[in-house]
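Trainee: Sequence:
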Amino acid sequence: MILWTIVPLEAVLEDDAAPPALVEVPVGHMRLVLEAGADGRHRIHRVLSTDPADYLRPELAPGSMWPWP
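With the working numbering, the residue at position 48 of the sequence shown is 37, and numbering never jumps.
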(Lines of atoms letter the chains of each structure in order from A and count residues from 1; the text may use other names and numbers.)
(Lines give C-alpha, C1' and ligand atoms only; values in the text may rest on other atoms or scores of the structure.)
Protein backbone atom coordinates (compact mmCIF):
# COMPACT_ATOMS: atom_id res chain seq x y z
CA MET A 1 0.00 0.00 0.00
CA ILE A 2 1.28 3.45 -0.89
CA LEU A 3 0.19 6.41 1.18
CA TRP A 4 0.23 9.62 -0.85
CA THR A 5 0.11 12.54 1.58
CA ILE A 6 1.99 15.71 2.44
CA VAL A 7 1.57 14.97 6.15
CA PRO A 8 4.81 13.73 7.77
CA LEU A 9 4.95 9.97 8.34
CA GLU A 10 5.35 10.49 12.11
CA ALA A 11 2.03 12.36 12.24
CA VAL A 12 0.24 9.71 10.19
CA LEU A 13 1.48 6.81 12.30
CA GLU A 14 1.19 8.65 15.62
CA ASP A 15 -1.08 6.93 18.13
CA ASP A 16 -2.79 9.38 20.48
CA ALA A 17 -4.87 6.78 22.31
CA ALA A 18 -3.40 5.25 25.45
CA PRO A 19 -3.54 1.46 25.54
CA PRO A 20 -6.44 0.14 27.62
CA ALA A 21 -5.75 -0.94 31.20
CA LEU A 22 -5.99 -4.73 31.12
CA VAL A 23 -6.27 -7.07 34.08
CA GLU A 24 -6.03 -10.88 33.98
CA VAL A 25 -8.40 -12.69 36.37
CA PRO A 26 -8.93 -16.39 37.06
CA VAL A 27 -12.47 -17.63 36.47
CA GLY A 28 -12.85 -21.32 37.26
CA HIS A 29 -10.39 -23.32 35.14
CA MET A 30 -9.70 -20.44 32.73
CA ARG A 31 -8.46 -16.87 32.80
CA LEU A 32 -10.08 -13.76 31.35
CA VAL A 33 -8.23 -10.64 30.27
CA LEU A 34 -10.55 -7.74 31.07
CA GLU A 35 -10.50 -4.10 30.03
CA ALA A 36 -11.40 -1.77 32.90
CA GLY A 37 -14.86 -0.24 32.71
CA ALA A 38 -16.15 2.93 34.32
CA ASP A 39 -19.40 1.48 35.68
CA GLY A 40 -17.88 -1.40 37.66
CA ARG A 41 -18.30 -3.82 34.78
CA HIS A 42 -15.44 -4.83 32.56
CA ARG A 43 -15.24 -5.69 28.87
CA ILE A 44 -13.78 -9.07 27.95
CA HIS A 45 -10.62 -8.52 25.94
CA ARG A 46 -9.36 -12.11 25.68
CA VAL A 47 -10.18 -15.62 26.91
CA LEU A 48 -7.29 -17.87 27.98
CA SER A 49 -8.35 -21.49 28.25
CA THR A 50 -7.25 -24.96 27.20
CA ASP A 51 -10.88 -26.09 26.80
CA PRO A 52 -12.15 -25.38 23.25
CA ALA A 53 -15.75 -25.27 24.53
CA ASP A 54 -14.97 -22.08 26.48
CA TYR A 55 -14.40 -20.21 23.22
CA LEU A 56 -17.90 -21.16 22.03
CA ARG A 57 -19.70 -19.74 25.07
CA PRO A 58 -21.53 -16.57 23.97
CA GLU A 59 -21.17 -14.89 27.38
CA LEU A 60 -17.36 -15.09 27.00
CA ALA A 61 -17.22 -13.47 23.56
CA PRO A 62 -14.64 -10.67 23.32
CA GLY A 63 -16.40 -7.34 23.76
CA SER A 64 -19.00 -8.76 26.14
CA MET A 65 -19.40 -7.11 29.53
CA TRP A 66 -18.26 -9.06 32.60
CA PRO A 67 -19.11 -8.09 36.20
CA TRP A 68 -15.94 -8.09 38.27
CA PRO A 69 -15.22 -6.13 41.46
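Please note: incorrect hints may appear among the correct ones.
[Said to hold, decoys possible] Here are the in silico distance ranges between beta carbons for each label pair: (1) Ala50 / Ala25: 38 to 46 Å; (2) Pro(-3) / Arg30: 37 to 45 Å; (3) Arg35 / Ala6: 47 to 55 Å; (4) Leu(-2) / Pro56: 42 to 50 Å; (5) Leu37 / Ala6: 37 to 45 Å; (6) Ala50 / Asp28: 39 to 47 Å; (7) Leu(-2) / Leu45: 36 to 44 Å; (8) Pro8 / Ser53: 43 to 51 Å; (9) Pro15 / Pro47: 19 to 27 Å; (10) Pro9 / Arg46: 17 to 25 Å; (11) Thr(-6) / Pro51: 44 to 52 Å; (12) Pro47 / Pro(-3): 40 to 48 Å; (13) Leu11 / Met(-10): 26 to 34 Å.
For the record, the hints were derived by calculation from the structure and aren't laboratory data. Cβ atoms here follow ideal geometry from the backbone N, Cα and C, with glycine treated the same way.
Trainee: Which of the listed hints are not met by the structure?
Mentor: 1, 3, 5, 6, 8, 11
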